[in-house]
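Trainee: Residue strings, one per chain:
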Amino acid sequence: MVGPANKRQKREQYKSERGEDATRNQELPKKKFYRQRAHANPFSDHNLTYPISPAHMDWSSYYPAFVTTPEENQAHPQSDTDVALGRVRQLKKDVEVADIGCGFGGLLVAMAPVLPDTLLLGMEIRTQVTEYVQERIKALRAQNPDTGVYQNIGCLRANAMKFLPNFFKKHQLSKIFFCFPDPHFKARKHKARIVSTTLNSEYAYVLRPGGIVYTITDVEDLHNWMVSHFDAHPSFERVSEDEQEADECVKIMRVETEEGKKVERNKGQKFVALFRRLEDPPW
Amino acid sequence: MSPRMPYQCMVQCGNLLIAARGSSIDLFEDSSLLSTWKCPSIQAVGKIQHHIPEVTTTLATQNSQSSSVEITIDSSSPLAKKRKLSSSDQAESKPFLGKGKEKQNNRSNAVLSGLEAPAVIALAITTDCHHVIAVTGEDKSIRVFELAQEDGVFNLKQLSRRAMPKRPCALAVTDDGSTIISADKFGDVYALSLIVLETSAVLNLETSTPEPAAKAFMPAANELTIHSQRNLKALENQRRQTNKPAEKSEPSFEHRLLLGHVSMLTDIALVELPGRSYIITADRDEHIRISRGIPHTHVIEGYCLGHSEFVSRICISADRPRLLVSGGGDDELFVWEWESGTLISKTDLKKHVSSVMERFDIGEQSDKGIESLKIAVSGIYFTQQALHDRLQDIFVITCEGVPALFTFALREENHLEYIQTLKISGNALAVIVDTTSRRGQTHPSNQLIVSIDTFHKPGSTTEEREEAGTILNPLHSYKFKEGKLVQNESFQPAIAAPEDGEASTSVASGRLTNLLYSLENLRKREGEGQEE
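Chains as they are written, first to last, in the UniProt record's numbering: chain A, 1 to 283; chain B, 1 to 532.
Heads up, some of the hints might be wrong.
To be verified - Calculated cross-link-like contacts (lysine-lysine; reagent style BS3-like; alpha-carbon spacing at most 27 Å):
1) B:Lys140 x A:Lys186
2) B:Lys140 x B:Lys351
3) B:Lys479 x A:Lys191
4) B:Lys351 x A:Lys262
Said to hold, decoys possible - In silico contact screen, one side only, chain A against chain B (beta carbon under 10 Å); selected entries:
5) Pro64
6) Val67
7) Ser196
Unchecked claim - Chain B residues, not near chain A, derived (Cβ > 10 Å throughout):
8) Glu146
9) His261
10) Glu286
11) Arg525
No wet-lab data here; the hints were simulated from the structure.
Glycine residues also receive a C-beta, built at the ideal position from the N, C-alpha and C atoms.
Same shape as in the complex, but just chain A (with noise of 0.2 Å):
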């Protein structure tokens, strides 16, 4: 049997190889050097990077197709704040998808050519599995030199259950995914899920009025929890099942995302609900 040394010593080979040799930056990463156990606890520090709001956050690593040029810069003079956090660089556009807890990144990458105009983002705990993640973007952008796709997704390391508005001003998405969440079986660990009354205010807070909220998973239980959190919840109401088989995004969601094939091998259920982002009531 292989020791868990061995396999780390594997990794870092692996991937200090794929640093190095620029004729291999095409090749997509391999998932086997990236895998990590499926849990993550959001309750923990886990040594985050976040900005301190979402004007202090530098996209331009992460969307370097969009960075302004600039000439642009100058159409739109920076404002103060923005020489103060000492920011050169701003993106032509806000990212408005998010995808959270992306998982290797098969909704971003099947969502990039449909939404060509929109920033997607993915946003995932797990170091190796984002990391995994921007190689396969890195890679893809690579092959893809000529037609700019795949310039539109990026992907980092968040916990967006504590650090959402620090990524995202108000009402800036329109569309945010959770796709295949982590069901915390035990009722103990209820709390650690990604939807619940509380944190349903969060998304609300980030997503505009007439925002979707997409939820897929194969645990019935998980999708009647979510189904009732977000009933509940005076900012959401569901979307009638026409219009939620009409949309496009929910064709891939069922059928791209990595959890979604593996469902599919087994021959297992998916459960989709989308909710809608109402305005909020009149003081």
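Since the structure of chain A is already known, use the hints to place chain B on it.
Mentor: Structure of chain B alone, referenced to chain A:
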């Protein structure tokens, strides 16, 4: 003689001062001790042995037997019962790391090793001064007291004890005095009615009787959601098991979840602006969140983002309610225009703390030098003082383990200007400014009462004082004179003599550190929570 237990939190109402030390609450009127309420010990409540399943039962029994025995009305009678020194359990000082089981063990050990009663960790008072609300830590309970007069003497009469799902960290009471807002260490904010309604009391009794198994346990997973042999086996075993007790029972009294963070909450403020009410919450993960008030608490209006360490205290300027002052593990105090989430100014606090701490070469801080000093703001208090014929907004700041008060004036242009460092004879634990006379707005009170740590050395959160035999006064009073604080020597509260066994063992000392100085533990450490 061992030093007595210091006061860890205080509230004031007119000339009544309510101050908590350890697990008891002292009531003073014009600096004379009127009465003491002592928290019953954990063993008496009979909770620990059956920690989780018993929650509702203890609640019911506690309600029925409340108050009668526990109150000592006569201040002169010696308090014979051995006082307990307690604090949050050790597991809780490690932020979110301990596994559930491990934690449970720690908890029962803490009790076995002589902990008697849960410590009071927060106090609040209704604006009409009729009710006092206290949080006791170990039993995670919110206790409501009536401030009742009996034979001309005020005392605290416990009306209810409600065990919350998680330990409350901060309390607020709505202006009408009908609702308690409790923020807990799991990040949730609950609303509870001040008075436990009759109907819900009945409910408690009903639910405490063993319920017939409502429905058979069904595993949430099935063969289709499971992808490994091992998990498949586990599922088979689960199915064989016909029924499974509910993992945790919900509290049976009425409590409404208003909002929640996925982080430990540290402070809460309720603000009323014309036509609108807000709830402002601060957490360990650097956030200050602005939510709408009841009934639209699900709407997050914004965040004040700018702290790079935990936020421990927020304070609204009563005079300019659109401004918020915040402090925590950062070196500065922050001033926010909170409705828009705009950071207006930052003011250095650390340099003033450093100049106080230079005198003390105590503990680990000396090794690393004053440069590496970490500060944790433990209190921000608002008051107004006449200075140069004008009323100034003054903020009094305390830091954990620092024997000083720092005063800042909030200027017209919305920045804080440093006024004074007042060194005091022990670490500042709690401060009260006279809020009642301030409400009248005619004569701003110029008195502060400060609780100091009489147990630890000034400047240290761990080392005990050596001056055995001297009884230090735990409460000091200061007055503003032309904008500066000076000691008010005439204030000499009559404090009961310390009892035997009080705060004497070194074990107790460690626990006392946890009780009095828990904020620095909120700081994130390098390399902690590493996965893999």
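Trainee: Please go over all the hints and tell whether each is borne out by the structure.
Mentor: Right, here's what the structure says about each hint:
{"no.": "1", "hint": "B:Lys140 x A:Lys186", "in the structure": "23 Å, holds"}
{"no.": "2", "hint": "B:Lys140 x B:Lys351", "in the structure": "37 Å, violated"}
{"no.": "3", "hint": "B:Lys479 x A:Lys191", "in the structure": "48 Å, violated"}
{"no.": "4", "hint": "B:Lys351 x A:Lys262", "in the structure": "58 Å, violated"}
{"no.": "5", "hint": "Pro64", "in the structure": "26 Å, violated"}
{"no.": "6", "hint": "Val67", "in the structure": "23 Å, violated"}
{"no.": "7", "hint": "Ser196", "in the structure": "7 Å, holds"}
{"no.": "8", "hint": "Glu146", "in the structure": "32 Å, holds"}
{"no.": "9", "hint": "His261", "in the structure": "7 Å, violated"}
{"no.": "10", "hint": "Glu286", "in the structure": "7 Å, violated"}
{"no.": "11", "hint": "Arg525", "in the structure": "8 Å, violated"}
Taken one by one, the earlier hints fail for this structure at numbers 2, 3, 4, 5, 6, 9, 10 and 11, listed in ascending order.
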